[in-house]
Amino acid sequence: MLCRDKTDCCRIFVLLIAIVVVVLPSLSGAHSLFIQSGRHHVTSGKGSPLFFCYGHHFPVDEAVRRNKLAYVKVIDPLQQVLEVALRDEHSLHSYVVQYDKPGTYVLTAQTSPGYFAMYRDKKGRKRHSLKPLDTFIDDAKSVQSSMRSSQWAKSYVVCDAPSQPFPAEVGLPLELVPDKDPTLLKQGDQLVVQVYRNGNPYQGEGFWDATYAGFSTEAEDLYVPRTAVSTGRFVVPIDANGRWFVRFFIKTEAPPQQRHRYLTDKQTSTLTFLVRNERKRPKNEQH
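Converting from the sequence shown to my numbering requires adding 2 to each position, the first position being numbered 1.
None of these hints come from the bench; they were simulated from the model.
Check each hint, because a few of them may be wrong.
What the hints assert, rightly or not - Result set (DSSO-like, lysine-lysine): computed pairs, CA atoms no more than 30 Å apart in a straight line:
#1 Lys48 x Lys188
#2 Lys133 x Lys143
#3 Lys182 x Lys124
#4 Lys48 x Lys282
#5 Lys48 x Lys133
#6 Lys75 x Lys268
#7 Lys125 x Lys143
#8 Lys103 x Lys188
#9 Lys124 x Lys103
#10 Lys125 x Lys103
#11 Lys282 x Lys182
#12 Lys125 x Lys75
#13 Lys253 x Lys133
#14 Lys48 x Lys103
#15 Lys124 x Lys253
#16 Lys70 x Lys253
#17 Lys124 x Lys282
With the sequences and hints as input, model every part of the structure.
The structure is reproduced here in structure tokens:
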């Protein structure tokens, strides 16, 4: 697009700024949190970092603020829970985990609830807010949406050999529970995922999607696009090796006692894992 004159350029610039102001809050309100490990197969005594990404690109996207993380916990093969001491910083929050017991470790995290709303003020202007409904309702002529968002993230790391039985469920309020250990998957397999909510199989409506590292460089351009399910159960086709990302979310009406703060409650759960391949080149014995 070419400007005819300086005035025309100014109009176009103002229009672009307006579009950015409208679109960016929508994107930030939909950010997904996912936890990853440097390695998903380690030997006893080995340390490997866990780290986070937050956003729309997989496998790496934006940094996370400390106050966005409610907790980060590592559950070892004996079901002992280590709560990770978090640094007060805006980063990928990488922390080295020492794997000193054989078996399957579960990396977990929960976000602090966030808010996102769209409304028109009393002059009819479109507004966005990252605060609860009761903080801006007096200035609103109408409210298009008001949402509270909570998220949970999980990943698995095997030290020496997988645990038996496999620790599929660890009690997250909304959790993606695989039917088999994802670290043992091979290209061509399928992974059946059952959603659990508050410790029970969830059988309601929701949406899931999935992708793997290398499928696309573009935001929210996923191998399995958003798909509706009504049973809380779905099947992920493992059609490629590499790092995988699976996400599921539900939206429900806010309970009556909370409707002064938000109208919709969104809950999201993510699962990341590594699908290994056979070695493609001979090992180089020289270092």
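Evaluated hints:
Under the criterion of a C-alpha separation no larger than 30 Å, the hint pairing Lys48 with Lys188 is consistent with the structure, at around 24 Å. Proposed proximity of Lys133 and Lys143 is supported: the alpha carbons are some 17 Å apart, at most 30 Å. For the proposed pair Lys182 and Lys124, the alpha carbon gap of about 54 Å is over 30 Å, so the pair is violated. Pair hint Lys48 plus Lys282 holds up; C-alpha atoms about 24 Å apart against a cutoff of 30 Å.
With a C-alpha separation of about 43 Å, the suggested pairing of Lys48 with Lys133 is violated against the 30 Å cut-off. With a C-alpha separation of about 22 Å, the suggested pair Lys75 and Lys268 falls inside the 30 Å cut-off, and the hint holds. Straight-line distance between C-alpha atoms of Lys125 and Lys143 comes to about 8 Å, which keeps the hinted pair within the 30 Å bound. A C-alpha spacing of about 25 Å is found between Lys103 and Lys188, which places the hinted pair at or below 30 Å, so the restraint holds.
A threshold of 30 Å between alpha carbons decides the hint, and for Lys124 with Lys103 the separation of about 61 Å lies outside it, so the pair is violated. For the hint linking Lys125 to Lys103, the alpha-carbon distance of about 62 Å lies beyond 30 Å, and the restraint is violated. For the given pair, Lys282 sits about 26 Å from Lys182 by alpha-carbon distance, which is consistent with the 30 Å threshold. Taking the CA atoms of Lys125 and Lys75, the gap is about 47 Å. The hint is violated against a cut of 30 Å.
Of the supplied pair hints, the one linking Lys253 and Lys133 holds, its CA atoms being roughly 18 Å apart against a limit of 30 Å. Of the supplied pair hints, the one linking Lys48 and Lys103 holds, its CA atoms being roughly 10 Å apart against a limit of 30 Å. The suggested pairing of Lys124 with Lys253 holds, with an alpha-carbon distance near 28 Å, which does not exceed 30 Å. Taking the CA atoms of Lys70 and Lys253, the gap is about 20 Å. The hint holds against a cut of 30 Å.
For the proposed pair Lys124 and Lys282, the alpha carbon gap of about 64 Å is over 30 Å, so the pair is violated.
Checked against the numbered hints above, the structure violates hints 3, 5, 9, 10, 12 and 17; every other hint is satisfied.
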